[in-house]
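Make a model of the complete structure from these sequences and hints.
Quick mapping for you: the protein sequence lines, in order, are chains A, B and C.
Residue numbers for the first sequence follow our numbering, beginning at 1 and rising by one.
Residue numbers for the second sequence follow our numbering, beginning at 1001 and rising by one.
Residue numbers for the third sequence follow our numbering, beginning at 2001 and rising by one.
Do not take every clue at face value.
[As the list claims (entries may be wrong)] Pairs of lysine-lysine, DSS-like flavour, derived with a Cα cap of 25 Å: (1) C:Lys2288 - B:Lys1307; (2) C:Lys2284 - B:Lys1210; (3) B:Lys1292 - C:Lys2059; (4) A:Lys119 - C:Lys2288; (5) B:Lys1307 - C:Lys2059; (6) A:Lys322 - C:Lys2284; (7) B:Lys1242 - A:Lys88; (8) B:Lys1242 - A:Lys61; (9) A:Lys322 - C:Lys2288; (10) B:Lys1139 - B:Lys1077; (11) B:Lys1073 - B:Lys1188; (12) A:Lys88 - B:Lys1442; (13) A:Lys88 - B:Lys1428; (14) C:Lys2080 - A:Lys119; (15) C:Lys2059 - A:Lys119; (16) B:Lys1443 - B:Lys1260; (17) B:Lys1077 - B:Lys1188; (18) B:Lys1443 - B:Lys1428; (19) A:Lys88 - B:Lys1443; (20) B:Lys1073 - C:Lys2080; (21) B:Lys1442 - B:Lys1252; (22) B:Lys1199 - B:Lys1073.
[What the hints assert, rightly or not] Output of the computed footprint for chain A on chain B, the stretches with three or more beta carbons under 8 Å from beta carbons of chain A: (23) 1124-1134; (24) 1422-1432.
For the record, the hints were derived by calculation from the structure and aren't laboratory data.
Model, not experiment: these values are computed from the prediction.
Virtual Cβ for every residue (Gly too), placed ideally from N, Cα, C.
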Amino acid sequence: MTATLSAHTTGSSSAPVTARARARRARHRRTVLLFIAPASLGFLIFFGYPLIATIYYSFTKYDLINPPEFVGFDNYIRMFTSEQLIGKAAYNTLWLVVVLTVCRVAFSLGVASVISRLKSGVGLVRTLCYLPSLAPPAAATLAFVFLFNPEFGPVNRFLRLVGIDGGLWFNDPAMSKPALTLLALWGSGELMIIILAALLDVPQEQYEAAELDGAGPIRRFWHVTLPSISPVLLFGVVNSIIYALQFFTQAIVAGSAASGTADVAGNTKFIGAPQNSTLTYPVWLYVQGFRYFNMGYAAAMAVLLFIVSAGFTWVLVRRFRKSQHQEEGA
Amino acid sequence: MSRTTRIAGTARKRGTLLACTAAALALLTTACSGAAAPSGGTGQAAAAPGKDDKLTLTVYSKFTSREYEVVTKALGKLKAKYPNIEVKHEGNQDDDKITQSIRGGNPPDVAISFYTDNLGAWCSNGSFQDLKPYIERDKIDLNQIPDAVRSYTEYQGKRCAMPMLSDVYGFYYNKDMFAAAGLSAPPKNTTELFEAAKKLTQFNPDGSIKVAGFIPTMPFYANMAQYWAPNFGAKYLGQDGKSHLAEDPGWKAMFEFQKKLIDFYGGHQKLEQFKSGLGDEYSADHGFQRGKLAMMIDGEYRTAFIKDQAPDLKFATAPPPVLDSIAGQYGGGFTTGTIIAIPKGAKNAGAAWELIKQMTLDTDTLVELANGLKNVPSTKASLTDPKLKLGDEFKTFLDMYDSGKLVPNPSTPIGDAHLKAVNDFAEKWQAGGVPDLTEGLKKVDQQVNDELAQKGSGG
Amino acid sequence: MTTLSEAAPRPPASIPPRVRVKRNWNRKLFWIANHALGIALAVIFAAPVVFVVLTAVMKSDQAMSSSLWPTEWHFENFVKVFQDAPLLRYFGNSLLYSSLATVGALLSAIPAAYALSKLRWRGQNLFFMLTVVAMMLPPQVTIVPLYDLWVRLGLTGTLVPLIVPYFLFDAFSIFLLRQFFVTIPKDYIEAAKIDGCNEFQAMVKVLVPMAKPGIAATAMFCFLFTWNDYFGPLLYTGENRDNWPLSLAIASFRGMHHVEWNLTMAATALIMAPVIILFIFAQKSFVKGITFTGVKG
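The structure is reproduced here in structure tokens:
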């Protein structure tokens, strides 16, 4: 208030104006601070601190009972030399990253384009395709293990009707990951909706123009649809990669539910069943860290996972940054 | 990482945020010092509770359903002596959960585990309290427990758990199917077992299995490497405390026997298909109880399940068949037992010890538990108690128990990691994924020795 | 692309009549094929749930036989599940976890998202990028020190480690809300400020009411995520069954109660039900929210 008054009395002197501006800026700064304080604090505690601490722990041997003991690069050496299952776990996760990503994006795109061309019943079909993605993964996995039971599961019964021998699915190391992929496809409704929205955003005139030009459905798709939805597809790819990198619940539940032994889900002995084919990298990290309590080793595994996933995240972050710049420019 | 440090940098420019950061760090450091205080005495025995102390003991065990009720009732008997103590029994807590609760600083007062797989790990890293001070204070005579049981419940001379009943793994067969196939006596060695399995197996017209004589694949019910190993004379660790499976003829014989049977059935796929149609291990639809399996190896407690869930089944028990070359071992088998202990950090250690004494040394309690669970009692007095009613089929297990030929798992500091390694290998081998048995076993050795080295006691 | 746009003004009359007839036929065939595919998709997506429900009302030996349709209808299976397992308790835990986390996420994320979308400050972009990174990182990356932290605080075995973070920082909620807030014109807020509101009042009185659909969508995603969460509860409440949410309980259901598939499927159907009901009531918010995560990013 004083600043305002003095500004009036002294006329167009520059000093009070800066004082007023400074006061406003200070108030603005305080407001911003107040608004982001909880989030910043949360970020520091739940991301900043653990990210740095993970690196520290990765150089120690720690079992939560005895204090951490510095062991240098031992955990990293162990990771690349003597410990055998990490290779298997990394392979399983890589398999998912490649196959699941391709299938998930292609499948979502396929379903979305079918829905986008429907003239009637769009709402119903869209709802039915989307709903499974809301099902709790643990429950959905149990349902799939039952549906794909080699002996009495409905899937194999249908396949038998048409004369196909259905296979062992979750009980066969060669088919357990494809079965998990099917489960993931069943629950990929979110990506479908995103792609569907993008498809509907493609200007109708472009299609009409292309059609008049004599372009068939495939060429229209290639030259009109794909270019305009490519940012969304990129999102889908990165999103699916991240999804595959964290694949945990379905793998752990399927492994123990299909092993046929009446044990609590997540019991160490049946994690990864059959034959460690569902032992994904996060699952093995969990077992090492929170079942064997080799926390130092788990931290080293986490560092590696961080490096890989940060790389993929970077792709998406760059995209956001670009779009944000555009917003600001507008 | 650079991005994280950068936001920390921008934050520090703002005074208030610095304060926030400081507060956060203070929270972390106080947290650290708070955990440093030791919880639960390690060197001394906690006093027994006074008559007026009202307290609740939490007990974790893996028992469920019918067995849970039996154990809960036995635990409740402590009330006669200590009316002020309530016992809260949590069932279905497996070894992983017990470990997790101890690491998380949130342990129960008493932990009960079905088997001794993890005893070595719990003892060596201090997860279970040493019971020596209690035993000395109360002048407990451990000689009332049979030698074999005493040996599997201690780790390198350290007693940090007490035995609460024993399990013995024997051989079960379906009498009706034996009669129909013209068999009169149970097989005594693996050659006879193989022949019997051939006779008892029935195939459907399409070639799939209708009734299996004897299923060799693992993991399946009680088919796991550890339950079979003693019957083949197979051992996990050599004299040096390291894994030496590849040099042990017993393991090779076991895996080759497995392979022979799998080939007879027409391959791993077919068995997997058949297995997947059988009910759960502890449900009424268990394959043996439903007449889908003619023979199997299982624990003595199965007699109670059959009585409860399939009372009309005509079955008999015998010691498990052994490898032809170690015929002298016939009559023995695998043994393990339920163990009960006080975890590190237990809130009422003194009262917990009173409960443990009641559950492991009191004859009446043990007899009642044994009758209810159909387990082998674990003290000499309770073994000969006239009130013991275990049934005719149970005699086999008592005889095995007396044979002196029972073999427990070795206690290792790596918990059950070695068992996971062997069972993983068995799975792979069955499916035909191992070209060279010896080379494959060498890899298992490597993996187990790596885990042993990680725990700093691999030699 | 350029040729296509050049072709646009060409008049339709130039297509010979015979070609037009053929094209109509093609179009009809295409229409039929597409709708057949749509129906097939709907059936395939719905089938698993239908089988789960059908199996849930079967007798146990029928669930393990090769018949698809129940010969006897045992609706009491749904009741039996509640008798066999303390489902109500698990349900309560799930509800507690999800609702508190949702409230917490909204309380902490709305101001942060407001600051990100409606205020200008140094480090704004960085903060947003870090939020996106935090959203994308697998939870396993930070789990070792975090678990250690909660152990030191003596809070493992409870739901606290799962809920508390939401009251401070939930990357996804901040991200999604920011995406919504950006679409609301700044003029409204400026107008409010001219009327004498400070930033906080402008947020509460102007922005929040205008962004209701976005906030609803964020709340629902947060609720859904925590309701479905398995990793967090497994890690922090694993050993203490009193605090298990449904997602964790369902996974251990079979081993715990030695039940057969019919009851397991009954439990599975029961745990899916609330989610489906939630969706039916709030379908629009869901769809809107999802499209926002992908397209507007």
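Against the structure, the hints come out as follows:
1. The suggested pairing of C:Lys2288 with B:Lys1307 is violated, with an alpha-carbon distance near 58 Å, which exceeds 25 Å.
2. For the hint pairing C:Lys2284 with B:Lys1210, the CA-to-CA distance comes to about 52 Å; that exceeds 25 Å, so the pair is violated.
3. As the CA atoms of B:Lys1292 and C:Lys2059 are separated by approximately 19 Å, the hinted pair is consistent with the 25 Å bound.
4. This hinted pair checks out: A:Lys119 and C:Lys2288 have alpha carbons roughly 21 Å apart, not beyond 25 Å.
5. The straight-line distance between the Cα atoms of B:Lys1307 and C:Lys2059 is roughly 22 Å, inside the 25 Å bound, and the hint therefore holds.
6. Only pairs whose Cα atoms come within 25 Å are accepted, and A:Lys322 paired with C:Lys2284 is rejected, the gap being roughly 29 Å.
7. For the suggested pair B:Lys1242 and A:Lys88, the alpha carbons sit about 24 Å apart, so the restraint of at most 25 Å is met.
8. Between B:Lys1242 and A:Lys61 the alpha-carbon distance is near 21 Å, which keeps this suggested pair within the 25 Å criterion.
9. Distance hint between A:Lys322 and C:Lys2288 is fulfilled; the C-alpha atoms sit about 23 Å from each other, no more than 25 Å.
10. With a C-alpha separation of about 22 Å, the suggested pairing of B:Lys1139 with B:Lys1077 holds against the 25 Å cut-off.
11. Among the hinted pairs, B:Lys1073 with B:Lys1188 is inconsistent with the structure: their alpha-carbon atoms are about 39 Å apart, more than 25 Å.
12. For the suggested pair A:Lys88 and B:Lys1442, the alpha carbons sit about 17 Å apart, so the restraint of at most 25 Å is met.
13. At roughly 13 Å between alpha-carbon atoms, A:Lys88 and B:Lys1428 fall within 25 Å of each other, so this suggested pair holds.
14. For the given pair, C:Lys2080 sits about 44 Å from A:Lys119 by alpha-carbon distance, which is inconsistent with the 25 Å threshold.
15. Only pairs whose Cα atoms come within 25 Å are accepted, and C:Lys2059 paired with A:Lys119 is rejected, the gap being roughly 42 Å.
16. Distance restraint check for B:Lys1443 and B:Lys1260: the Cα-Cα separation of roughly 23 Å lies within the 25 Å cut-off, and the hinted pair is therefore satisfied.
17. Our distance criterion of 25 Å between C-alpha atoms is broken by B:Lys1077 and B:Lys1188, whose separation comes to about 42 Å.
18. Pair hint B:Lys1443 plus B:Lys1428 holds up; C-alpha atoms about 12 Å apart against a cutoff of 25 Å.
19. About 14 Å separates the Cα atoms of A:Lys88 and B:Lys1443, which keeps this hinted pair within 25 Å; it holds.
20. Using a Cα cut-off of 25 Å, the hinted pair B:Lys1073 and C:Lys2080 holds, with the two alpha carbons roughly 24 Å apart.
21. For the hint linking B:Lys1442 to B:Lys1252, the alpha-carbon distance of about 12 Å falls within 25 Å, and the restraint holds.
22. The suggested pairing of B:Lys1199 with B:Lys1073 is violated, with an alpha-carbon distance near 45 Å, which exceeds 25 Å.
23. With 3 residues having a beta carbon nearer than 8 Å to a beta carbon of chain A, the segment 1124-1134 of chain B meets the requirement of three or more and the stated coverage holds.
24. Here the segment 1422-1432 of chain B counts 5 residues with a CB under 8 Å from a CB of chain A, which clears the bar of 3, and the coverage holds.
Going through the hint list in order, the structure does not satisfy hints 1, 2, 6, 11, 14, 15, 17 and 22.
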